[in-house]
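Asks: Take the given structure of chain A and dock chain B to it, following the hints.
There are 2 protein chains.
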Amino acid sequence: MAIRLDTAAADFEARFRDLLAMKREVSEDVDQAVRAIVRAVREQGDAALIELSKKFDRVDLDKLGIRISAAEIAAARASVDAETYAALELARDRIRSHHERQRPKDDRYTDALGVELGSKWTAVQSVGLYVPGGTASYPSSVLMNAVPAKVAGVGRIVMVVPSPDGKLNPLVLAAAELAGVDEIYRIGGAQAVAALAYGTETIAPVAKIVGPGNAYVAAAKRQVFGQVGIDMIAGPSEVLVVADAANDPDWIAADLLAQAEHDTAAQSILITDSPELAAEVEKAVERQLATLPRAETARASWRDFGAIILVGDLAESVALADRIAAEHLELAVEDPEPLFAAVTNAGAVFLGRYTPEVIGDYVGGSNHVLPTARSARFSSGLGVLDFMKRTSLLKLGPDQLRALAPAAMTLAKAEGLDAHGRSVGIRLNL
Amino acid sequence: MAIRLDTAAADFEARFRDLLAMKREVSEDVDQAVRAIVRAVREQGDAALIELSKKFDRVDLDKLGIRISAAEIAAARASVDAETYAALELARDRIRSHHERQRPKDDRYTDALGVELGSKWTAVQSVGLYVPGGTASYPSSVLMNAVPAKVAGVGRIVMVVPSPDGKLNPLVLAAAELAGVDEIYRIGGAQAVAALAYGTETIAPVAKIVGPGNAYVAAAKRQVFGQVGIDMIAGPSEVLVVADAANDPDWIAADLLAQAEHDTAAQSILITDSPELAAEVEKAVERQLATLPRAETARASWRDFGAIILVGDLAESVALADRIAAEHLELAVEDPEPLFAAVTNAGAVFLGRYTPEVIGDYVGGSNHVLPTARSARFSSGLGVLDFMKRTSLLKLGPDQLRALAPAAMTLAKAEGLDAHGRSVGIRLNL
Numbered sequence: 001m002a003i004r005l006d007t008a009a010a011d012f013e014a015r016f017r018d019l020l021a022m023k024r025e026v027s028e029d030v031d032q033a034v035r036a037i038v039r040a041v042r043e044q045g046d047a048a049l050i051e052l053s054k055k056f057d058r059v060d061l062d063k064l065g066i067r068i069s070a071a072e073i074a075a076a077r078a079s080v081d082a083e084t085y086a087a088l089e090l091a092r093d094r095i096r097s098h099h100e101r102q103r104p105k106d107d108r109y110t111d112a113l114g115v116e117l118g119s120k121w122t123a124v125q126s127v128g129l130y131v132p133g134g135t136a137s138y139p140s141s142v143l144m145n146a147v148p149a150k151v152a153g154v155g156r157i158v159m160v161v162p163s164p165d166g167k168l169n170p171l172v173l174a175a176a177e178l179a180g181v182d183e184i185y186r187i188g189g190a191q192a193v194a195a196l197a198y199g200t201e202t203i204a205p206v207a208k209i210v211g212p213g214n215a216y217v218a219a220a221k222r223q224v225f226g227q228v229g230i231d232m233i234a235g236p237s238e239v240l241v242v243a244d245a246a247n248d249p250d251w252i253a254a255d256l257l258a259q260a261e262h263d264t265a266a267q268s269i270l271i272t273d274s275p276e277l278a279a280e281v282e283k284a285v286e287r288q289l290a291t292l293p294r295a296e297t298a299r300a301s302w303r304d305f306g307a308i309i310l311v312g313d314l315a316e317s318v319a320l321a322d323r324i325a326a327e328h329l330e331l332a333v334e335d336p337e338p339l340f341a342a343v344t345n346a347g348a349v350f351l352g353r354y355t356p357e358v359i360g361d362y363v364g365g366s367n368h369v370l371p372t373a374r375s376a377r378f379s380s381g382l383g384v385l386d387f388m389k390r391t392s393l394l395k396l397g398p399d400q401l402r403a404l405a406p407a408a409m410t411l412a413k414a415e416g417l418d419a420h421g422r423s424v425g426i427r428l429n430l
Numbered sequence: 001m002a003i004r005l006d007t008a009a010a011d012f013e014a015r016f017r018d019l020l021a022m023k024r025e026v027s028e029d030v031d032q033a034v035r036a037i038v039r040a041v042r043e044q045g046d047a048a049l050i051e052l053s054k055k056f057d058r059v060d061l062d063k064l065g066i067r068i069s070a071a072e073i074a075a076a077r078a079s080v081d082a083e084t085y086a087a088l089e090l091a092r093d094r095i096r097s098h099h100e101r102q103r104p105k106d107d108r109y110t111d112a113l114g115v116e117l118g119s120k121w122t123a124v125q126s127v128g129l130y131v132p133g134g135t136a137s138y139p140s141s142v143l144m145n146a147v148p149a150k151v152a153g154v155g156r157i158v159m160v161v162p163s164p165d166g167k168l169n170p171l172v173l174a175a176a177e178l179a180g181v182d183e184i185y186r187i188g189g190a191q192a193v194a195a196l197a198y199g200t201e202t203i204a205p206v207a208k209i210v211g212p213g214n215a216y217v218a219a220a221k222r223q224v225f226g227q228v229g230i231d232m233i234a235g236p237s238e239v240l241v242v243a244d245a246a247n248d249p250d251w252i253a254a255d256l257l258a259q260a261e262h263d264t265a266a267q268s269i270l271i272t273d274s275p276e277l278a279a280e281v282e283k284a285v286e287r288q289l290a291t292l293p294r295a296e297t298a299r300a301s302w303r304d305f306g307a308i309i310l311v312g313d314l315a316e317s318v319a320l321a322d323r324i325a326a327e328h329l330e331l332a333v334e335d336p337e338p339l340f341a342a343v344t345n346a347g348a349v350f351l352g353r354y355t356p357e358v359i360g361d362y363v364g365g366s367n368h369v370l371p372t373a374r375s376a377r378f379s380s381g382l383g384v385l386d387f388m389k390r391t392s393l394l395k396l397g398p399d400q401l402r403a404l405a406p407a408a409m410t411l412a413k414a415e416g417l418d419a420h421g422r423s424v425g426i427r428l429n430l
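Chains A and B, in that order, are what the protein sequence lines are. So for the first sequence, this note's numbering puts the first residue at 1; every next one is plus one. So for the second sequence, this note's numbering puts the first residue at 1; every next one is plus one.
In isolation and in its complexed conformation, chain A is listed as follows (with noise of 0.2 Å):
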């Protein structure tokens, strides 16, 4: 059963906040344990790599390689079967097109003064890409991750995915081989984490980690922090629905297990002013939950996080939402288009009642690695521009040297640095 509010209520303000205060995640403290771990890797390379998968996957790394031969994807790719051979091949080429558009133009130009400025992008010269093992280790997330680093030009891709007991989902290796996957190597955990982040004797270490993991990977992006670049640590999934009373309640309710089976920790969450909609779309989560497989998982996520709020108009679902923030956001509503305009904090949002948020993890082209936790008031989903750097450009000839020469030696002065001001004087002898 899922927490219920109504804006009208007198309580709404508080419980609302309580709502948005919510803790979902245990955050484990793992730092000793991947302190340790990143050192051995650091400090013994392959050995470490060896010994930690031995340990911790059963695996004997030093029989199968810790590389992942052409002979193992190619055969793993020969096992998939034709048709979702196909959707994953149709999956790449629309997150391909539809990245291609976010790639930045550079920008030069001269002002008035004729000082040339402007902006160069350029891809990150290498990547790591983090694909957890087990139940979590989906070829949607392999396709989210690299075909973007792909499109803004990483020269080198390295894929690590850890295979306990030896076992390795062949459908993740080839989403690696179909988005362009350069190395893949059998390895997870923290260790896999130091050995992208400082290299080992088989593995050149890279510029940046991305992908998501458990509580020891995402202790080891933190702490690798600086000497590479990692992507935002990735928590929980959530969905917000936005429907008015026109829908079907088992749609919604589709929606909103869709979010839960995910994690116990997932969230969903239904904002309607039709209180006839909120009461139908509980009973059919229920009946739902009695066919689904996953039921404990969504069960769970359902009745601890689950909520449904009432609201006297539609309207004021914008305010909810932009506090919110939620990762997806759902307008299951006749016209989709005035609240999205509206709405300014959430990852991805999905318009009218045909857009079902699965659309988005799998083939409608945008990413769906985004922002949880509320984190949309300050970031976005993956992107190209996560796989670019962009470096600016300054160009004067003595002339705008010249112009711009008192007001820097100004503020140098005011600032109480004088070989700043010495710097720019020396060349017009000031």
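I should point out that these hints are in silico values taken from the structure, not numbers from a laboratory. Where hints are given, some of them may not hold.
The list cannot tell twin chains apart, which means a pair is met if one copy fits it or any two copies do.
[Claimed, not checked] In silico lysine to any residue, SDA-like type, Cα no more than 25 Å apart, as pairs:
| no. | residue 1 | residue 2 |
| --- | --- | --- |
| 1 | K283 | R294 |
| 2 | K105 | G153 |
| 3 | K23 | Q44 |
| 4 | K283 | L428 |
| 5 | K120 | R101 |
| 6 | K23 | D106 |
| 7 | K54 | A14 |
| 8 | K120 | K283 |
| 9 | K120 | L385 |
| 10 | K413 | E89 |
| 11 | K23 | E183 |
| 12 | K63 | A47 |
| 13 | K63 | G312 |
| 14 | K54 | P132 |
| 15 | K105 | E51 |
| 16 | K283 | A246 |
| 17 | K23 | A204 |
All figures in this text were calculated on a predicted structure; none of them were measured in a lab.
Replies: Below, chain B without anything else, positioned relative to chain A:
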């Protein structure tokens, strides 16, 4: 005496690696102390700010008020001499013009299937700007942080600046006013960061915190990350100067010292193909140090971290510059364009003999908040995009959903996510 390297020497690669690996910052372990301060501010709000400011800044905020009044700001502005004020205005205007070109464009389009896709950019709703007190209280940095936020459209820009012994730099207040800062509070340290992140009775919380600070401020920013966004953690400043034989050694020496005077941990590196220039620059550095007010700082920086790298051909400097990934790169050569085109890892590039890096510090128009400590390999200088976030959109009708449903359902099945498949199938009776 700086380090001397020669790419022709047998031990070059080893010594160059040592140069890259040099630790220039002692990372103070202040995490525990900062944790206590953040907790105090969260629990006691203004009262904690008042108590901690008494303790650390020797200032009574109960009497002065936490917020700096409009009258104080006006008085500060009036106290600034006309020349300096005009220089700040020029800097502000040039920074604004340049950054206006960085405003991203929304994108919305319909693909061949009729699916609507796109990206919408919106400003972060509120931003906090940390400004250090004392000698590192730079009005130029206020402009460099606040103006891009303003250009991005941030609705509320809040500045915090400590006032040790009650002292405030009037230039910093004047710059804040010029940049359009909305609120200024006389608080600093970890307590100011906590107040911005969590809010107090007087200060409403912000969504993102930017700006440089000491070890306590940096640790506090790391701790509140997630609750709010943060910018990069800035390290000590760096310049790499690539110079051919035809340079005036005094100009190059002045540029190296302009960087070195910032901080004993700053780093100035010269790459040249001329042993004569190298020798003359070293002499010029010593000569100029004799008359430099901040000579002690600059001498320590040059002695401990300065370096001169002799190359056989300046074309070698591209690969070295990419590995150094300097915050600032000066190309003091006859034709800087081919080198500029080839280099990929640098925060900002200054082209030609008449573009000293100092122009970029103040009035060039580009941003002086740039990636340090080799992070230009994976990150960019501060810009308008740091104050905005992108929301993706997807919009399908029944026909588009029908076209994409099979692939989405196939992938959902492959990933074992049945509720995902249902969320699509239920809309089409599949």
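Asks: A separate judgement is required for each hint: does it hold in the structure or not?
Replies: Cross-check of the supplied hints:
1. Taking identical chains as interchangeable, the C-alpha atoms of K283 and R294 lie at most 25 Å apart only when both belong to the same chain, with a minimum of 18 Å there against 74 Å between chains.
2. In this assembly of identical chains, the alpha carbons of K105 and G153 lie at most 25 Å apart whether taken from the same copy (14 Å) or from different copies (21 Å).
3. In this assembly of identical chains, the alpha carbons of K23 and Q44 lie at most 25 Å apart only when taken from different copies (21 Å versus 38 Å within one copy).
4. Proximity of K283 to L428 under the C-alpha cut-off of 25 Å is restricted to the inter-copy arrangement: shortest distance 21 Å between copies versus 80 Å within a copy.
5. Taking the closest pair of Cα atoms, K120 and R101 come within 25 Å of each other both inside a single copy (17 Å) and across two copies (13 Å).
6. When the C-alpha separation of K23 and D106 is checked against a cutoff of 25 Å, the pair qualifies neither within a copy, at 42 Å, nor between copies, at 34 Å.
7. When the C-alpha separation of K54 and A14 is checked against a cutoff of 25 Å, the pair qualifies neither within a copy, at 50 Å, nor between copies, at 33 Å.
8. In the homo-oligomer, the alpha carbons of K120 and K283 never lie at most 25 Å apart, since the shortest distance is 55 Å inside one protomer and 35 Å across protomers.
9. In this homomeric assembly, K120 and L385 come within 25 Å of each other (Cα to Cα) both inside a single copy, at 12 Å, and across copies, at 15 Å.
10. Proximity of K413 to E89 under the C-alpha cut-off of 25 Å is restricted to the inter-copy arrangement: shortest distance 16 Å between copies versus 61 Å within a copy.
11. In the homo-oligomer, the alpha carbons of K23 and E183 never lie at most 25 Å apart, since the shortest distance is 37 Å inside one protomer and 31 Å across protomers.
12. In this homomeric assembly, K63 and A47 come within 25 Å of each other (Cα to Cα) only inside a single copy, at 13 Å, whereas the closest approach across copies is 63 Å.
13. Proximity of K63 and G312 under a CA criterion of 25 Å is satisfied in neither setting, with 65 Å inside one chain copy and 46 Å between copies.
14. For a Cα distance limit of 25 Å, the shortest separation of K54 from P132 inside one copy, 17 Å, qualifies, whereas the shortest one across copies, 49 Å, does not.
15. Taking the shortest Cα distances, K105 and E51 never come within 25 Å of each other, neither inside one copy (46 Å) nor across copies (50 Å).
16. With identical chains, the CA atoms of K283 and A246 are at most 25 Å apart within one copy only, with a shortest distance of 16 Å there and 81 Å across copies.
17. For a Cα distance limit of 25 Å, the shortest separation of K23 from A204 across copies, 22 Å, qualifies, whereas the shortest one inside one copy, 38 Å, does not.
In terms of the numbered hints stated before, the structure departs from hints 6, 7, 8, 11, 13 and 15, listed from lowest to highest.
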